[in-house]
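For reference, the chains in residue letters:
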Amino acid sequence: MLTLLALISWFIYEKSNANTPNSIMLLDSQPSRLHPDHVTLDFPTSSIIHPKKHSSQTILDFAMALRSQYSGNISNPSIQINLLEKLMAHCKKENTDNCQAFLQLIMAEAFPQMHQILQERLSALMIYHTWGSELHAHLNLLSDVERRQLLWEKRRELFGEDADIIWASERLNHQLQQHITIIDADHNLTLKEKLKSYQSGLSHIYKEAAQTEIQHNRQQLVNQFLTMNSVQQQLQVLSKAQQLQSLTEIRISMGMEEAAINRWQILDESRAERWQTGQGYMQARASLVSNSPSHELEGNLEALRRQYYGENSTHIKAEEDNGYYRFTGQQTIGVN
Amino acid sequence: MIRIKNIRAISAAILITSGCTNLHAANADKTLYPIVFAHGMGGYDNVLGYDYWGNDYGTFVLDTCDRFLEFSCNSHVDKNQQSFVSSVTPFQDSVYRGTELADNIESYMATSGAEYVNIVSHSQGGVDSRKAAHELELRKGYPVVKSHISIQSPHRGTPVLKYAYENYGNSLVDFFAGYYGNAIYNGNNDTTAVAKQFIYDDIDPNDGMTTGNKYFNELYPSDTRAIEHSASILATQSAMNLNPGFWLFWQTNWNIDADGYCIDDCDNDGAAGQGDGDISDRDDDGIVGLNSMQQGYRLEYTQKFFGFNQISQRNDLGYVSDINHPNEVQMTSMEGVFDQDHLDVIGVGPDTFDEMEFYAAITHYIASLGY
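The listed protein sequences derive, respectively, from chains A and B.
Per the working numbering: the first sequence = residues 1 to 336.
Per the working numbering: the second sequence = residues 1 to 371.
Be aware that a few hints might be false.
What the hints assert, rightly or not - Label pairs and their calculated CB-CB ranges:
#1 A:S239 <-> B:D66: 22 to 30 Å
#2 A:L150 <-> B:C65: 26 to 34 Å
#3 B:R139 <-> A:D164: 39 to 47 Å
#4 A:A259 <-> B:N27: 37 to 45 Å
#5 B:N206 <-> A:P293: 40 to 48 Å
#6 A:T314 <-> B:N206: 34 to 42 Å
#7 A:L297 <-> B:T302: 31 to 39 Å
#8 B:G307 <-> A:E153: 37 to 45 Å
None of these hints come from the bench; they were simulated from the model.
We put the CB at the ideal spot given by N, CA and C, even for glycine.
Modelling step: build the complete structure from the supplied sequences, incorporating the hints.
Given below as structure tokens:
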């Protein structure tokens, strides 16, 4: 069925695009004005098979290259998609005639036992690309939940349960995002409980790969935790000493070793000093702005910047010229 | 380690001085220093609902294959490749976001122990990165950023944001929300600041601020004081091949014309340079014009079916260190410009662009420099 739909789709494309050398199909005759009703196809192809246009040596060369790169893992759906997209990209780049026929021949030569599966996969992928292009502008306007629902309905329709394998990374990313949202919204949890929940969530989502994920993305994962609104709220009410202790506990629990903890202690102190100076400067600045006569204001501000920042005062001045006052807000504890 | 690094640096120097550096990404060499990814406008975890620095299936572009039978990873990069993905406020100017990026890199350095980093940036991330590099140099007292490679960055502004600013004015945030979703109303987002940042000249002399790329570039150039090696990747697409998402901007039959040369914004379209009178040719990527993209060296990306994709450094086009004043060739030449729109190189699909090979090739290029 999928193959049939794909062939019809490509046949319509070929008919309507017979005199157009590039990969775009327009449904009306106004090429200078595009809108979401237009259909874009990602690469040129044809439903009309002309295998003689490709030499048998070309087919053999492609097949040999693909076997050497993919044969060990070709049964995996993600690998199949990777292979097919590589071939589709080649068609697009070379503006290959009769791309689908070309790909059929290559797949039959390279992976004869997988030929049927790959052909169906190609058909599904072509439909998915066409569908995605048609609906792109519409998808942008949906909420995250609506967009995900629509995408996953289509993926399951076309790829069945293999969609879970093909989009495995996206699913994990989404699960982590959902987990963070839940923890952040739970105001009954203490900071330590939130941390414990966060870590158990990581273990649950990534399973046996959890430690590897944490090792590779340690700083991102610590930042994700620290930038939760509820975590910052709980950190902000602590004394400076308690904040530093909490930060150290969080970092150790996320696997940071002693050397990293020592570097962080120096950085935490440096940042605390930076913010203390900055907030002092902003208070003094506000006072000057309120009390200085206008003809003296700029000179007074210049002197104040020098007093607080010395030779770096020109950088603060440049930021202020740009409308940026970096110490107006609140420090994000453990982040800046 | 130092010796190995020097050998690599000498090898790279020999290749570079020979005219054109051809580097294959068979299995990209590991970089000496970690690669930091700096995202563009909109945020890395929610660009149109997809992940930013991923392929179309949500796999991070430098996710190393270090587990048995791991398929969702990048098999082209070394399994010990180090990287860090920064996240900054989605909609803010580059002074604000660049400072956040510096904070994130400073944090990563504390966690990892790295003393230097490389930055790979996309779109606004390329402009943010220059501010971050200068901020880090101030804080650390040495140039922390070894290399910075920007991809499709609006270093000299973009007509899109002038168009949006002038046509949507007070409803600018709603205009952006129509494109990026309601998340734009959250937090510290400031769409007016974004628009003013990417209009080349100071658009409003009465707002008490000096905004725009021109002034920003004077303050935060891509000089070796803060960044040892700067380079950029340029991509454009003809009007008819652009991602349909850009149609939103085109509902008034409007398009960018950005392949002509002049000093500063002579045609007052919001970006330095001018057009050649043909709005539909391959002179922009839907958001950024050709004449706004180059800083440092221009890199050429070549895609191959047999063998692996490669990044080449186009020494013949020279080095753009004074970002406000590239020469005519640097602003208008199509040499080395590859055929993609603004969103193809990040995880917004479906498309057939191979993000994994692309970022592996970039990684290999950085490694070849000895960084």
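Exercise for the section: Just tell me: holds or violated, for the beta carbon distance of G307 (chain B) and E153 (chain A) against 37 to 45 Å? Expected result: holds (39 Å)
Problem - Pairwise beta carbon distance, L297 (chain A) to T302 (chain B), judged against the given window 31 to 39 Å - result: At 57 Å between Cβs, range violated.
Exercise for the section: Given the range 26 to 34 Å, decide if the beta-carbon distance of L150 (chain A) to C65 (chain B) lies inside it. Expected result: holds (31 Å)
Exercise for the section: Evaluate the given range 34 to 42 Å for the C-beta pair formed by T314 (chain A) and N206 (chain B). Expected result: violated (24 Å)
Exercise for the section: Please test the hint of 22 to 30 Å on the beta carbon pair from S239 (chain A) and D66 (chain B). Expected result: violated (41 Å)
Exercise for the section: State, for the Cβ atoms of R139 (chain B) and D164 (chain A), whether the hinted interval 39 to 47 Å holds or is violated. Expected result: Cβ of R139 (chain B) to Cβ of D164 (chain A): about 45 Å, so the range 39 to 47 Å holds.
Handout entry: Outcome for the supplied range 40 to 48 Å, where the beta carbon pair is N206 (chain B) and P293 (chain A)
Key = violated (22 Å)
Exercise for the section: Hint says 37 to 45 Å; check whether the CB-CB distance for A259 (chain A) and N27 (chain B) agrees. Expected result: Hint violated: Cβ distance 30 Å, outside 37 to 45 Å.
Hint compliance for this structure: hints 1, 4, 5, 6 and 7 are not met, and every other hint is.
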